[in-house]
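*Asks:* Using the sequences and the accompanying hints, generate a full structural model.
Number of protein chains: 2
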Amino acid sequence: MITIVYTTNNKRLAQEISKILEYYKYDYTLIDIKEFSLSKDVEGYIFLSSTGIAIRKVKEIIKDKLRDPFLIVVNNNYVIPLLSNHIGGGNYIGKILAINLNKEIVYSTATDLKGKVGVDELCRTLFLELPKKKDILRLNKELLERDLELYLPEGWNIKINGYKVSYHDKDYVKVEDVKLKPLKVSVGVGCRRGIESFKIYWAVKKALYLRNIPSWRIDIIGTINLRKREVREGCKRFNREILTFTKEELNEAVKRYNLERSEFVYKHVGTYGVAEPSALLGLESLKIKGKLILKKLRVRGVTVAIASHPTYFI
Amino acid sequence: MITIVYTTNNKRLAQEISKILEYYKYDYTLIDIKEFSLSKDVEGYIFLSSTGIAIRKVKEIIKDKLRDPFLIVVNNNYVIPLLSNHIGGGNYIGKILAINLNKEIVYSTATDLKGKVGVDELCRTLFLELPKKKDILRLNKELLERDLELYLPEGWNIKINGYKVSYHDKDYVKVEDVKLKPLKVSVGVGCRRGIESFKIYWAVKKALYLRNIPSWRIDIIGTINLRKREVREGCKRFNREILTFTKEELNEAVKRYNLERSEFVYKHVGTYGVAEPSALLGLESLKIKGKLILKKLRVRGVTVAIASHPTYFI
Numbered sequence: 001m002i003t004i005v006y007t008t009n010n011k012r013l014a015q016e017i018s019k020i021l022e023y024y025k026y027d028y029t030l031i032d033i034k035e036f037s038l039s040k041d042v043e044g045y046i047f048l049s050s051t052g053i054a055i056r057k058v059k060e061i062i063k064d065k066l067r068d069p070f071l072i073v074v075n076n077n078y079v080i081p082l083l084s085n086h087i088g089g090g091n092y093i094g095k096i097l098a099i100n101l102n103k104e105i106v107y108s109t110a111t112d113l114k115g116k117v118g119v120d121e122l123c124r125t126l127f128l129e130l131p132k133k134k135d136i137l138r139l140n141k142e143l144l145e146r147d148l149e150l151y152l153p154e155g156w157n158i159k160i161n162g163y164k165v166s167y168h169d170k171d172y173v174k175v176e177d178v179k180l181k182p183l184k185v186s187v188g189v190g191c192r193r194g195i196e197s198f199k200i201y202w203a204v205k206k207a208l209y210l211r212n213i214p215s216w217r218i219d220i221i222g223t224i225n226l227r228k229r230e231v232r233e234g235c236k237r238f239n240r241e242i243l244t245f246t247k248e249e250l251n252e253a254v255k256r257y258n259l260e261r262s263e264f265v266y267k268h269v270g271t272y273g274v275a276e277p278s279a280l281l282g283l284e285s286l287k288i289k290g291k292l293i294l295k296k297l298r299v300r301g302v303t304v305a306i307a308s309h310p311t312y313f314i
Numbered sequence: 001m002i003t004i005v006y007t008t009n010n011k012r013l014a015q016e017i018s019k020i021l022e023y024y025k026y027d028y029t030l031i032d033i034k035e036f037s038l039s040k041d042v043e044g045y046i047f048l049s050s051t052g053i054a055i056r057k058v059k060e061i062i063k064d065k066l067r068d069p070f071l072i073v074v075n076n077n078y079v080i081p082l083l084s085n086h087i088g089g090g091n092y093i094g095k096i097l098a099i100n101l102n103k104e105i106v107y108s109t110a111t112d113l114k115g116k117v118g119v120d121e122l123c124r125t126l127f128l129e130l131p132k133k134k135d136i137l138r139l140n141k142e143l144l145e146r147d148l149e150l151y152l153p154e155g156w157n158i159k160i161n162g163y164k165v166s167y168h169d170k171d172y173v174k175v176e177d178v179k180l181k182p183l184k185v186s187v188g189v190g191c192r193r194g195i196e197s198f199k200i201y202w203a204v205k206k207a208l209y210l211r212n213i214p215s216w217r218i219d220i221i222g223t224i225n226l227r228k229r230e231v232r233e234g235c236k237r238f239n240r241e242i243l244t245f246t247k248e249e250l251n252e253a254v255k256r257y258n259l260e261r262s263e264f265v266y267k268h269v270g271t272y273g274v275a276e277p278s279a280l281l282g283l284e285s286l287k288i289k290g291k292l293i294l295k296k297l298r299v300r301g302v303t304v305a306i307a308s309h310p311t312y313f314i
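Sequence order for the protein chains is Y and P.
If you read the first sequence in the working numbering, its first letter stands for residue 1, the second for the next number, and so on.
If you read the second sequence in the working numbering, its first letter stands for residue 1, the second for the next number, and so on.
Treat the hints with care, as some may be off.
Because identical chains share one entry, a pair is satisfied inside a single copy or across any pair of copies.
[As the list claims (entries may be wrong)] Computed list of lysine-lysine pairs in DSSO-like fashion (alpha-carbon distance at most 30 angstroms, straight line): (1) 95 <-> 114; (2) 34 <-> 132; (3) 114 <-> 134; (4) 34 <-> 114.
Read the hints as simulated data drawn from the structure, not as lab findings.
*Replies:* Written out as structure tokens, the structure reads:
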């Protein structure tokens with residue numbers, strides 16, 4: 001959940017920002033600063049106020065840069081990520097806001113200032129498990145002085161500023177001496193009976209785009225057994241295993257993960273949801289009890305959800 | 001005292017900033033972030049780090065926007081005043097840094113974004129006592145909607161963005177319904193025997209410039225009785241009363257205010273200081289026990305100090 005906090009004069013800007021977060025399928029609440037109070041389960045704060053007001057309002061929850069929610073200030077001219085900019089996602093969400101609002105983003109993190117991608121940011125970008133805090137600090141310090149050695153699995157064709165890339169035949173990523181496992185990505189798909197394949201393909205592509213995940217990083221695709229044919233055709237190009245679930249299995253997952261229920265879907269296929277529980281059950285098949293990083297995205301008769309590891313931001 | 005805190009890669013920038021603060025005669029300490037700890041009597045922090053690091057390091061002292069030290073982050077591209085930007089002086093010092101470092105200043109305070117001068121900033125600019133906090137908030141809110149009525153004493157020829165100026169024959173300033181007393185300014189001057197008048201004049205002008213005080217705001221000028229002739233001639237154009245003090249009076253003030261002692265001055269005139277104690281004694285003659293807002297500025301054989309009210313920042 002992202003909380004947008006606005007002062008009286010910034011209500012219109014706050015509404016613009018909510019539309020951007022809606023487009024990117026981030027959950028948010030919109031609140032007048034007069035009614036503001038700190039609450040749990042907030043992954044980030046966007047304040048439309050001075051930096052002083054924003055910092056004073058959240059100072060009680062400033063604890064640990066690996067766990068704190070991000071804090072971004074947006075005003076007429078700038079987007080200023082203030083706290084938890086790397087792992088917390090401040091720079092990432094800030095960039096999305098800056099691009100869409102046509103404002104300047106004010107980076108203050110050292111690696112970004114040098115045009116390099118910090119190791120923690122690299123893990124976000126490549127969707128890897130996070131290194132230990134001390135390794136992040138050590139490697140980011142090195143990174144300011146020189147380019148780091150980055151070993152990628154064969155086929156990961158990526159260029160990233162600040163890294164000398166080599167390839168190996170292992171299934172992990174290595175930054176200098178630190179090994180990092182790629183996170184698993186599970187995609188859940190629901191759709192109308194007999195829908196055209198290209199609509200499924202592009203809906204999944206858009207879902208991946210919204211979370212900045214390349215399509216070759218999908219590990220598994222799940223759907224309801226009644227739509228196996230459509231989803232298999234639509235996802236052919238991703239070349240991944242398709243798991244199917246019965247309506248009972250899906251309903252059980254809807255309950256267990258406390259997912260939003262759709263009466264409309266229930267009337268058609270006898271389950272309260274397809275995409276979200278399929279994504280989570282697909283992840284379970286990989287032995288990971290994770291969370292949704294993209295809730296149901298609906299595009300032209302197709303619904304897509306993405307699930308991944310529980311600890312990862314957004 | 002201003003504390004400059006730098007991370008390893010920013011040592012050179014930290015040194016540039018210390019030279020600027022030296023030029024403007026602000027006391028400062030320079031410290032590696034590894035050795036940083038919070039201390040009393042700090043009027044402001046300048047961090048050469050990410051905003052996240054800066055905020056986390058000072059979060060314990062974030063209490064009250066009317067009293068907290070300012071917090072400014074400076075990096076390769078920006079100067080970002082984060083806390084206590086108006087009354088605390090963050091925007092003011094930030095502006096000085098931005099101009100001298102040729103960087104962009106990132107304002108986030110609402111009035112500044114609208115190109116208007118907040119009431120608290122107005123008080124800094126015009127050197128007035130501060131209104132009550134609730135009056136500042138109320139008037140600044142109004143200011144975002146419309147221009148405020150500003151009544152100035154006859155002869156104060158000033159234009160300020162966001163205010164409709166009228167004149168009255170009173171000796172106070174009025175913003176809408178709020179009356180504000182001008183702060184008293186006392187200048188202390190020391191110099192070599194027989195020094196040219198223009199050197200005294202320009203040294204005082206420079207001292208006033210460094211604290212952004214127009215010369216017609218001087219209330220009183222003080223010096224040692226042995227230099228009455230030189231100072232009277234040099235300060236003729238300011239057209240203010242010149243008070244003179246004996247070396248005993250000055251020595252007593254040096255002791256009482258715990259001022260820095262100069263053996264050089266002692267050898268010549270028998271007192272450990274002239275400009276600083278003269279400024280403070282001049283202020284006492286106006287029934288105000290204040291503090292130095294500019295410590296001794298030495299220019300071509302002339303020393304100037306400025307004293308004003310005890311509560312005012314810098």
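*Asks:* Evaluate each hint against the coordinates.
*Replies:* Evaluated hints:
When the C-alpha separation of residue 95 and residue 114 is checked against a cutoff of 30 angstroms, the pair qualifies both within a copy, at 16 angstroms, and between copies, at 24 angstroms. When the C-alpha separation of residue 34 and residue 132 is checked against a cutoff of 30 angstroms, the pair qualifies only between copies, where the shortest distance is 20 angstroms, while the shortest distance within a copy is 39 angstroms. Taking the shortest alpha-carbon separations for residue 114 and residue 134, only the intra-copy value of 21 angstroms comes in at or below 30 angstroms, while the best inter-copy value is 43 angstroms. Taking the shortest alpha-carbon separations for residue 34 and residue 114, only the inter-copy value of 22 angstroms comes in at or below 30 angstroms, while the best intra-copy value is 39 angstroms.
Comparing the model with each earlier hint shows no violations; every hint is respected.
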